[in-house]
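If you read the protein sequences in the order shown, they are chains W and L. Offset between the first sequence (1-based) and this note's numbering: plus 89. Offset between the second sequence (1-based) and this note's numbering: plus 272.
Source of the hints: derived by calculation from the structure; they are not laboratory data. No experiment lies behind these values; they were computed from the predicted model shown. Don't take each hint at face value.
What the hints assert, rightly or not - Here are the simulated distance ranges between beta carbons:
no., chain 1, residue 1, chain 2, residue 2, range
1, L, G372, W, A484, 50 to 58 Å
2, L, T474, W, G447, 50 to 58 Å
3, L, S287, W, A189, 46 to 54 Å
What the hints assert, rightly or not - Listed below are the simulated EDC-like cross-link pairs for lysine to aspartate or glutamate, each with C-alpha atoms no more than 20 Å apart in a straight line:
no., chain 1, residue 1, chain 2, residue 2
4, L, K669, W, D155
5, L, K362, W, E440
6, L, K362, L, D352
7, L, K669, L, D581
8, L, K472, L, D511
9, L, K472, L, D452
10, L, K590, L, D623
11, L, K472, L, E422
12, L, K362, W, D200
Just so it is clear, CB atoms sit at the ideal spot from N, CA and C, and this is done for glycine as well.
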Amino acid sequence: MMGALRWLAVGLMGVALVGAAWVLGFVVAERTRPELAPVPQNVEAPEAFRLFDEVWSYVDREYYGDRPAAATISRGAARGLIAGLDDPWSVFLASEGPEAELPTEPLLMDDLGLWVLAVPNGARVLAVLPDGPAAETDLAPGDEIVALRADEDADDPALAAADEAEEQRPGHEAASVPILAQLRDPERTVLDLVAVPADGPAFGAVLTRTARADLPDVSASAPEDGVALVRIPSIDAAAADALEAALAGSPERAESWIIDLRDNPGGDPAALPAIAGHFVVGDLYAAVGGEDGDAPRMVAADDGRSTPRRLVVLVNAGTVGEAEILAAALRERAGALLVGETTYGRDALYETRVLADGSRVRLTIAHWTTPDGTRLTEGGLVPDRAVAERDAQLAEALAAVRTDAQAAREDP
Amino acid sequence: MRSMLRWTSLFLVASLAMASAFGSGYATAGRLDGAGTLDLTRLVGSAAGTPDAHAAGSAPSSDAVSAPGSGGAAAPDDFDVYWEAWRAVKADYAGELPDGSQLTYASIRGSLRALEDPYTLFTDPVVNAVQSVELDGEFEGIGAYVQNDENGQLVIQTPMRGQPAERAGVEAGDIVLAVDGRDIAGMDINEAVLLIRGPKGTVVRLSIQREGVAEPFEIAVTRDRIDIPSVNDVRLLEDEGAPTVGYLQVTVFADETRTELRDAIAELREAGAQGLVVDLRNNPGGYLNAAVGVVSEFVPRGLVTVREDSQGRRFEEKVEGGGTAYDIPLVILVNQGSASASEIVAGAVRDYGRGVLVGDTTFGKGSVQNVHDISDGSQLRVTVEIWRTPNGSLIHKRGITPDVVVTPVPAAPASPSAADGGNADDAGTGSGPGSDGDASEPSGEDGASEQDGVDGEDDAPDAERVDNQLERAIQEALRLIEEAA
Chain W
90 MMGALRWLAV
100 GLMGVALVGA
110 AWVLGFVVAE
120 RTRPELAPVP
130 QNVEAPEAFR
140 LFDEVWSYVD
150 REYYGDRPAA
160 ATISRGAARG
170 LIAGLDDPWS
180 VFLASEGPEA
190 ELPTEPLLMD
200 DLGLWVLAVP
210 NGARVLAVLP
220 DGPAAETDLA
230 PGDEIVALRA
240 DEDADDPALA
250 AADEAEEQRP
260 GHEAASVPIL
270 AQLRDPERTV
280 LDLVAVPADG
290 PAFGAVLTRT
300 ARADLPDVSA
310 SAPEDGVALV
320 RIPSIDAAAA
330 DALEAALAGS
340 PERAESWIID
350 LRDNPGGDPA
360 ALPAIAGHFV
370 VGDLYAAVGG
380 EDGDAPRMVA
390 ADDGRSTPRR
400 LVVLVNAGTV
410 GEAEILAAAL
420 RERAGALLVG
430 ETTYGRDALY
440 ETRVLADGSR
450 VRLTIAHWTT
460 PDGTRLTEGG
470 LVPDRAVAER
480 DAQLAEALAA
490 VRTDAQAARE
500 DP
Chain L
273 MRSMLRWTSL
283 FLVASLAMAS
293 AFGSGYATAG
303 RLDGAGTLDL
313 TRLVGSAAGT
323 PDAHAAGSAP
333 SSDAVSAPGS
343 GGAAAPDDFD
353 VYWEAWRAVK
363 ADYAGELPDG
373 SQLTYASIRG
383 SLRALEDPYT
393 LFTDPVVNAV
403 QSVELDGEFE
413 GIGAYVQNDE
423 NGQLVIQTPM
433 RGQPAERAGV
443 EAGDIVLAVD
453 GRDIAGMDIN
463 EAVLLIRGPK
473 GTVVRLSIQR
483 EGVAEPFEIA
493 VTRDRIDIPS
503 VNDVRLLEDE
513 GAPTVGYLQV
523 TVFADETRTE
533 LRDAIAELRE
543 AGAQGLVVDL
553 RNNPGGYLNA
563 AVGVVSEFVP
573 RGLVTVREDS
583 QGRRFEEKVE
593 GGGTAYDIPL
603 VILVNQGSAS
613 ASEIVAGAVR
623 DYGRGVLVGD
633 TTFGKGSVQN
643 VHDISDGSQL
653 RVTVEIWRTP
663 NGSLIHKRGI
673 TPDVVVTPVP
683 AAPASPSAAD
693 GGNADDAGTG
703 SGPGSDGDAS
713 EPSGEDGASE
723 QDGVDGEDDA
733 PDAERVDNQL
743 ERAIQEALRL
753 IEEAA
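For reference, chain L alone in the conformation it holds in the complex (with noise of 0.2 Å):
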């Protein structure tokens, strides 16, 4: 009876160690697999996800196939409907398919809008050099902000002021037939655009179209270095009767940003300035880097954001130090352009109460994104946290409602479709909703406020358009001014 006990025991364990060491055999097989084909990238992607390798890539071949539904525990048949598709397509599709890897592209769109995020985005490679530029705050070219008329057709919206193109007598309102004897009609604006574009020194013929003049004709520019100002339209108010107070307009939030805004303010307090106007209006954004040095500017210490992830994990934006304009009176205007890293300034500016904000509440998009470039020349942005105020609040949808609310006079903006905004983004492609639309060379944003009033095509209603959100901007400042005195 004991004996038949023991061996039954020792029977038990014996099964049960060979099936578990069956086990972790058949566990390793596959999880040497998965090692041996995942690169870096993938193994912290799952990793980080669901701890199954196997699933994630299990075939050599066809690790790129599988890939798409793959990252986790998904089965690769869950992929099958996209696989169903293309051959659809592939097979019996009688219109032509699009170039090179417009479906490719075309795929990835549209399987990043099953996040639901608007501002994770993938832009292909033509887009993407055009509007890389808008950050890098330079490029080669000839200068001049252009945009497509309803017939398509490109049009020099306004040749930047000292620029080439102004210099060699380009005018708002030309249009622009052929490049180089290249007829661009038809051709995509971001196309047309990087042909313009060249090395500095070369020199780029343009055909243009000019309204009173019968025939067309060319013109040749040399092209040059372009340095896209961030800080504009540095003033005082003197027109407006209010000498004291310095304006100025941040239209993006740029690599040298903080730099220009010092400069400007230095310029402005030299020539008298006592209280400050910085204008955020329709500014959408940039880089967190920039909004947190000109946070810096003004706030001596503390913190400019705190940025949460997936994991709930926080990362605190501290106040750099070393401003220049702790004291000034500050008024802040913004509106509903006025999007993420304005709305970080406009937000620490109002939690520590250093400024006044003046205007409409802001866009509300409280999210960070990560920018990659893609091996193809194109890019990719993730939204990878969302950021609160320093006091902990949370912007996204929200926006930031000033504590003077000031809705502007009807007739200012310009583009009725792009009012409401969907997809104000924050390296400012600048001109309304749309991932691929009609973003025009560095656009900043365009119509109404153009800095340089060279904009022939709204000048009617700029004649009677008052600004009342300025004004009562200037009103806060001199108010402050004066209780500062």
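Just chain W, with the same shape it has in the complex (with noise of 0.2 Å):
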């Protein structure tokens, strides 16, 4: 009897003592929930994102084909979203898979005579090297090349196999590898692309690479008795370092200046300052920023290092952003006359951000306008003398800055 009452004394201690652990664990994971995410600020999003959740609540539910993981899936959201701002500077690259390796800035594709851009629907042409296997096509600044078509590829047995195994699952179509991939490949020797223009119809274009051609590098010589001609290609820090070696000799003593923006594809803001320092003195450009409206931001050239003199300043429809940004201050501020064809048209200033995963944005932050103000809203500078034959550019410049000293040795 007593052993029997111990046994229940124990038992029931036993419960109570389970009962309590079990409420402590309740408790427990109550408090010790983790925190929300909190809806990230400046996000007025709630209503937009029941719809999100509402649409991959079917997904989830009835796909046919394998979900992709959270993180593949939130960066196509991010793509979506970019993509959607319409934003013909803006473009959201991977941190997975081809994209990862595409530059956010421009990229010269020597071997195919183009300098071209990641934008979300292919690659966009900056500008077409003279002489390179794109100057023998209709491609032309602003084009974007949408598609490629497929080469010899397509026949190949091992491709067609692997296309044969995929099929059976309709969620699993092959990736599809971005034009600017495609264009880098070594393997595509002859590449037949689709190419839009900015407005217009759609137009093929086949181009055959070549050997890699020389880089255009930043170079100064001397065509005439005291002419100077520099050649800027781009405009980003490596260019800026070039230009200081090259100008460290003697074309500083020449009075007349011609300096080469064609087919510069800009590239980075920050180092506009060092390379407009050589040629002017004080404004450079102003950064006006987005709809909250700050304030312009003017920016100044770096201490010049040289006095300002006659200058001829060549642009083309391939003189895009940054280069845009130089020949307009060059003009207003040292007086340049500028010959060639009308630029680009790249107001736009943008930066590129690299997100958590390693992922990248590049992003309009703002646009440029002129030291007096003028902002590029409707296509690109205007020539001061347009020449729209590539020889008779440099041609042109030449007369100018010969006249110009003509004019200047009659009055003294």
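Please assemble the complex out of the two chains, which come individually in their own frames, going by the hints.
Pasting the structure below:
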């Protein structure tokens, strides 16, 4: 009897302890529940994202194929978001897959004779280099390369077999390789591409890859006595350094300068003050912020190492962005004469952000105006002397500095 | 010694019991929370996937926010990249943000693209409102096919025969400048179409610019109910020298397709048709039921198709019976624009030996989508199944190779960029690649084979164009008629 009672007591105590443990567990769980990811600031979106939720609830429930990892979906949504801005200069490049290898900055493809930029639908042509394969086609700055037609790869039996294996599941189409990655692929020697100009119907172009050409580099030469010709092929830190080195020699003494900014896709605005400082003193451009209308921020050239001189600037449709800033500032602040074609017309200033997972967003964060406050709203800078033919452009520039110099001599 | 052992084991058992009680209490807390905040659809969703309700929805207030990355085992953190991009856009983007929900729609489209399935598609409300009428087979408007020209202007491609636009004097090639006085320059084609449409009996004023007429002028059109037939161009092929062969074109698989088909066959038989050419070229598909209905007209019994879902479950679609054309010699015309429901029909006809397939290899879309209306008026299509022909062949990406392969004479395709047709989708937006592009008002296929021949734009090539596929189909039909006799 006693034994039974004792066991009962032990049992009850056990139940009580176990119960207490359960309650304790429950409470601990409640207390230690991780804080919810708060709705991020600046997101006025619960309504909109109910929609997102609604859509994905159907996919979760019904979709035939496998559901990708959440991070992949997240990147897809981010890509869609940026594409949805419908902004010609903003793009999302994922940290995974072939996009991870793509530059957000202008890319020189010297074996095709092109400067291109990654954009959501493919690759945009910024400049077409003279004498390169692209110069023989109809490709022009501003065209977007939206497709590469299948080449001999299509008949590759190995690829066909892989295709066959994939076709069991519709959710497993081969991931499409970005156009820019295909353009870079050295295996593809003949590129049969489809391009869409800013206005007008799509057209085809066939490029045959050549051996890598010499990279266009900063150069300084003296085509005539007293004339210095400086070629600046891009605006970035390397170009700034190269310019410094190139100008260390004699051309500094030249009385007339021709600065060649043709086929210059721009690049990094941070490199502008140093480059511009060789030719101009003072204001360079103003950056005007986004919707909230940040006050314009005037950027000046580095302290001028040269006094302003007679200047002619060569420009064409491949003179883009930062190169246009430089040309405009030289015209407004150093009295430069612009010779060539109307420039590209990029008034956006963009910046590349690296996100937590390594994905990158190139985002338009401001636009620029000239020192006098002019903005390129429609089209590019119109040259003072319009010369369409490339060879004639340099000749015109030389003629301009000669008459200029002559005028100077006659009027001492 | 013995009691020591006993106490130790008792202690162990007790600790174990308490630990498991603790754990169970902990787990219960999580589960209660999940169930409390998930709505039914989400519950079903996550139950079918990873049964991790805790991760799925731990927060009443942020359910919507964590949701995109949350269905299943994913931690909410996984969606950070999106939020980071979103914050950057909100804080620093210097351009003008698109109106309303456009960014959400773009984000949803982007997220769905992660599935890498071109048929799981999101359509925003405006585009959806325009496109959905096609499968309903009717709407209220003026009855004209429209498209954008290269300058982005809205052009009347073809007024539908006998419909209000034609009766009011609207002609092919007319450019619509304004609708009820509202300038539509630069407007999205779908929005413009919605302006033109309206309730039966109301009047819409179109400002028209016509070639050869100096000044723009106005035409008032009284809107009416417009029926879009899915069976077209029903005729005996007398002009082609085969008066015993009936021809009909099925442009889309819609609600009324089986009835229309049956009426057309009856009409052709009455006129003396002993054989039939059914033209499914450029038919992008439509409802599965309609495909079953069409097959049921020709095949007395058996399977039409077998669907398979992601769990490997199989669903058999059987012939409905009650067909009226089990015996008539049959040729089906297909090409690479024949997709989805067209391929179901072609596959069944081939597998049962019911007819001869003539033309090109078909598009190769062997999946089935469910169509969901989303609460704000947009629409989602989700690939839910793949299908096989009655004999078990898969169609996806392979297409169906006809019994008699006839490559069209090169002049045929009107739109070079759409020729490889990335996106012939099952509801037949009918206009090439791209999800929101140039889908015109209920567009059938445009250009080349417009049935009523009013299409003014390509009359030059039309004159000399030879439909060698149709010619071959006629030969086959005549042969079958002879064999049957």
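These are the hints, each one checked on the structure:
1. G372(L) x A484(W): 50 to 58 Å: At roughly 54 Å between Cβ atoms, A484(W) and G372(L) fall inside 50 to 58 Å, so the hint holds.
2. T474(L) x G447(W): 50 to 58 Å: holds (56 Å)
3. S287(L) x A189(W): 46 to 54 Å: holds (50 Å)
4. K669(L) x D155(W): Cα-Cα ~18 Å, so holds.
5. K362(L) x E440(W): holds (15 Å)
6. K362(L) x D352(L): OK: K362(L) and D352(L) at ~15 Å, within 20 Å.
7. K669(L) x D581(L): The given pair, whose Cα atoms are some 18 Å apart, holds under the 20 Å limit.
8. K472(L) x D511(L): violated (38 Å)
9. K472(L) x D452(L): Given that 20 Å is the threshold and the Cα spacing comes to 16 Å, the pair holds.
10. K590(L) x D623(L): holds (14 Å)
11. K472(L) x E422(L): violated (31 Å)
12. K362(L) x D200(W): violated (39 Å)
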